[in-house]
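Fit chain L to the known structure of chain B by using the hints.
The primary structure of each chain is shown beneath.
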Amino acid sequence: MLHFENVGLRYGMGEEVVSDLNFSIAPQTFQFLTGPSGAGKTTLLRLMLLSLRPTRGTIHIFGRDSATLTKDELTGLRRRIGVVFQDFRLLDHLTTYENVALPLRALGRAESSYRAEVMELLRWVGLGQRMNAIPPVLSGGEKQRAAIARALIVRPELLLADEPTGNVDPGLARRLLRLFVELHRLGTAVVIATHDLQLMDQLGFARRMVVGDGRVDIFEGNPE
Amino acid sequence: MTEPGDDGAAPIAPSSEAAVARGAPLIPRDSISGSALVVVVAIMTFLACLTAGGALLVAQASQAWKTDVLSDLTIQVKPGPDDDVDRVVERVVAIAVRQAGSGAVHAYSADDSKKLLQPWLGDNIDLALLPVPRIVVVRLANDADIAALRTSLAREAPQADLDDHRVWASRISVMAGAIVSLALAIFLLVIVAMATAIGFATRGAVAENREIVEVLHFVGASDRFVANQFHGHFQRLGFQGAAIGGGAAIAFFLAAAGLSRWSANSPGGAELAALFGSFALGPGGYFGLLLVAGVVTLLTGILSRRIVVRHLRALQ
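Quick note, the sequences are listed as chains B and L, same order.
The numbering of the first sequence is full-length UniProt numbering, which starts it at 1 and goes up by one.
The numbering of the second sequence is full-length UniProt numbering, which starts it at 1 and goes up by one.
Pulled out of the complex, with its shape left as it was, chain B reads as follows (with noise of 0.2 Å):
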């Protein structure tokens, strides 16, 4: 699903923030990606979106080498992917449920087509009630679950999330993790970036890819 080789990246003439990346992504896999502030998780997280092109290596995503994509192929690719990101990204002026819509409404997608299937996930992450709040007035926590929701409602085959519990307190960091975890058992491979190890310590079958000093090096999970 994606395979990095000899991964690196720079900014400008600067030294690599990433280099020599081995590693590989497989099908419904649960991964956490760690290690300390500023070791180049999000960063990481980008080159996975394609977000960021590499200075060197290749990226493979769905058997595609991500040097050669057009623009309309890369938009073809990320609607497989979901992402939720640290800072939400939510769009102000739009109600909840139309941030979640919002990658069903850039498919081209008649309203009356997604509306059921919406309302289903909201009320599936706890959001039934809150339809028709704008972000403002949503609590972290809120925002949080509609960020996830918005990265599920296309069903991805690969969830990118940075930090999703990072603005939670633990009982409720336990709940979306839940939430991941049952997207992994519907077939989706999960990345879920955090520093938090309580949360990592909940699931011992999930591979640890641990970022440091510009590398990464992967610990498998026990089976399940």
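Treat the hints with care, since some could be wrong.
[Claimed, not checked] Stretches of chain B that chain L covers, calculated by requiring three or more beta carbons in the stretch to come under 8 Å of a beta carbon on chain L: (1) 86 to 98; (2) 106 to 116.
[Unchecked claim] If you want a taste of the chain L side facing chain B, the calculated C-beta under 10 Å gives, among others: (3) Glu-211; (4) His-217; (5) Ala-221; (6) Arg-313.
Read the hints as simulated data drawn from the structure, not as lab findings.
In this text, a Cβ means the ideal position worked out from N, Cα and C, and glycines have one as well.
Showing chain L alone in chain B's frame:
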């Protein structure tokens, strides 16, 4: 699956499927750059409509002047020292009546000539002391044969000089053409200035909404979809501005036409009416103003779309 619980957010009324809000524009309508663009487009549309309407009025007035000037001709009778001027005038009138009919010929008497010269020469003038030509005016029918009249006059009254006003008509055409060309140039300048303002506003809006563009890309929106959102946004702003500017221009010409009719009998009003007609654009003219407003609306949408598409390509 257990649903995540609430976590202290502000209370809000429960949503139902029927009441859920949807279909809001992805580019927020209320923004400073958007409001400024509406004002700029309104002013530019008003100016474009004024120049277009003004050019139309001048073109109409010049056509009326030309029709008026070319509808009759003047015969000047310049008697020689030994000629009886009245007899020559009678002969000229007879020739003109033969060509154009008796109802179409009017000879100015010596008293009429005196009245014509009075504003310049004063009351106490004796025309007998001056070689003042006498004038015969002939109103032309559509099938009038001016060449035949000229030939007859040359043969039977060589003291007469025929002026068919074509030189004047030509000068009026040149003047009106120059005014219309100038108005067209101003119109084009206004459109260029407006296009430039739209360009700045579009780039400003894209920068202002950069995060929205990024999010749209991350959720799988194509450039075409993003460009469509901006296109719709600017088309709406352009329509608002064009409607305000075009409406104001139509109101201006309607008010000017009303004022012109109201002051038609005053000396100033008569001169204005002679220059510009009655300020009446007519249905075609008002349709033209609506067309200008429509073109401005389309132009706003098309230009902004092109700029956004170029900007999105540069992002790649």
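Results for each hint:
no. : hint       : result
1   : 86 to 98   : holds (count 7)
2   : 106 to 116 : holds (count 6)
3   : Glu-211    : holds, 7 Å
4   : His-217    : holds, 7 Å
5   : Ala-221    : holds, 4 Å
6   : Arg-313    : holds, 8 Å
Violation of the numbered hints given earlier is absent; every hint is satisfied by the structure.
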